[in-house]
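Asks: Respectively, the protein sequence lines represent chains A and B.
Going left to right, the first sequence walks through residues 1 to 181 as this note's numbering numbers them.
Going left to right, the second sequence walks through residues 1 to 165 as this note's numbering numbers them.
No lab work stands behind these hints: they were computed from the structure.
The reader is advised that the hints may include incorrect statements.
Stated by the list, open to error - Residues from chain B that face chain A, not an exhaustive set, calculated with beta carbons under 7 Å:
1) P57
2) M58
3) G70
4) V71
5) D74
6) R99
7) Y100
8) G101
9) F103
Stated by the list, open to error - Distance windows between CB atoms, simulated:
10) A/E114 to B/M22: 50 to 56 Å
11) B/I127 to A/E94: 50 to 56 Å
12) B/E53 to A/E94: 40 to 46 Å
13) A/S33 to B/E73: 16 to 22 Å
14) A/E114 to B/Q43: 43 to 49 Å
15) A/L77 to B/D102: 27 to 33 Å
16) A/S21 to B/L16: 35 to 41 Å
No residue lacks a Cβ here, since even glycine has one placed at the ideal position from N, Cα and C.
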Amino acid sequence: MSAIIQRWKLFIPVLAFVALSALLWRGLYLDTSELPSMLIDKPMPAFELTTVEGEPVSIDDLPGEMFLLNVWGSYCLPCLVEHPTFMRLSEEGEIPVVGVNYRDRKDLAQEWLEDNGDPFAFSILDESGRLGIDLGVYGAPETYLVDANGVIRYRHVSVLDENVWQQEFIPAITELRSESQ
Amino acid sequence: MTGSFRRERVTWRFFLCSLTLMLLLPLLVHGQVDTFEFDTPEQQARFRQLSNELRCPMCQNTNLTGSTGGVAEDLRREVHRMIMAGMSNEEIEQFMFERYGDFIFYRPRLRAETVLLWFGPLIFLIIGGLVAYSIWRRAKASEQAKTGLDATERERLEALLRRES
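Let the sequences and hints guide you as you build the complete structure.
Replies: The following block contains the structure:
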């Protein structure tokens, strides 16, 4: 009996090696560029800024229903890639989209919206990046899903194309809608 | 004769001068140029320390000091603002943690989620030590089993061998 146990003991280093290899192998394929957001299930941070058009805007002006908050900039090429998705969403009236014009210049932002179309209910002008810091933004584009109570429920970093919309946002939105009913 | 001696000295002086200049060159490179103003050297030292220990969330693997990224610029400005507002290092770190999480720290806080990070190497060291100890003990035991002598008998054997030589 003890001989059998002794023999099994020989496999412990092998098992340890396999377990460690599996762990490190998985680590190789982790996407470390996408950091988890600290703001999930936290209320939207307060702000007192203006829109890109120059109107004063604060947290009270945000939609009273579920909406997307898209962080963009005229300098940001990936923002141009995801732009058609937001245009479609706003045309079809699927969900309101609020923009955060992040670390940009007012005139350049206005020009960009004129050239490419404006899918946003309004765009908050965050020239200093201060609202970005409160949101935990680290670079445009980023998109947040905010529920009807103004609580951040989901964040997507980088381009939000139709694929991401189908695979990440539709399930998240469906879940939130069923939750509130 | 003296001419060649002088020339040699001039060459040496030239060499030493260029070497000194070359060694001083890195002092000119200072990552980001601080244009922030402080009331006390202590505030400036705290700013240096915090910017060195906080990590840039966008360009990973550089600290705030070394990064030219937009977020890093904003965060340096925030750190400066908070120091001037009289906030402690703990408060500033809490501010960063609430927005960017553990990732922002090059020296993560000791929390349930980071325990493995802090003590994992120690655990591996202990396991390694135990394995090494058991191997050493077994080797010793088998050595003893080979000769079949106990401690006093071995002493006698060694004494006999010594007398032989």
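Asks: With reference to the structure, classify each hint as holding or not holding.
Replies: Against the structure, the hints:
Satisfaction of the interface hint for B/P57 is found here, the shortest Cβ-Cβ separation to chain A being roughly 4 Å, below the 7 Å cut-off. Given the 7 Å rule on beta carbons, the hint for B/M58 holds: about 4 Å separates it from the nearest Cβ of chain A. With a cut of 7 Å, the hint placing B/G70 at the interface with chain A holds, because the nearest CB-to-CB distance is about 5 Å. For the restraint placing B/V71 at the interface with chain A, the shortest Cβ-Cβ distance is roughly 5 Å, inside the 7 Å limit, so the hint holds.
The closest approach between the C-beta of B/D74 and any C-beta of chain A is roughly 4 Å, which is under the 7 Å cut-off, so the hint is satisfied. Given hint, B/R99 at the interface with chain A, holds; its Cβ is 4 Å from that chain's nearest Cβ, closer than 7 Å. Annotation: interface hint on B/Y100 holds; nearest CB of chain A at approximately 6 Å, less than 7 Å. With its C-beta approaching chain A no nearer than about 5 Å, B/G101 sits inside the 7 Å limit, and its interface hint holds.
A distance limit of 7 Å between C-beta atoms decides the matter here; for B/F103 the minimum to chain A is near 5 Å, and the interface restraint holds. Take A/E114 and B/M22: their Cβ atoms lie about 54 Å apart, and the range 50 to 56 Å holds. Distance hint for B/I127 and A/E94: a CB-CB separation of about 55 Å, consistent with the stated range 50 to 56 Å. One distance hint, 40 to 46 Å for the beta-carbon pair B/E53 and A/E94, holds here, with the actual separation near 44 Å.
Between A/S33 and B/E73 the Cβ separation comes to about 20 Å, which falls inside the hinted range of 16 to 22 Å. At roughly 45 Å, the beta-carbon separation of A/E114 and B/Q43 lies within the given 43 to 49 Å, and the hint holds. Checking the proposed 27 to 33 Å range against A/L77 and B/D102 shows it holds: the Cβ atoms sit about 30 Å from each other. For A/S21 and B/L16, the Cβ-Cβ distance of about 54 Å falls outside the hinted range of 35 to 41 Å, so the restraint is violated.
In this structure, the one hint that does not hold is number 16.
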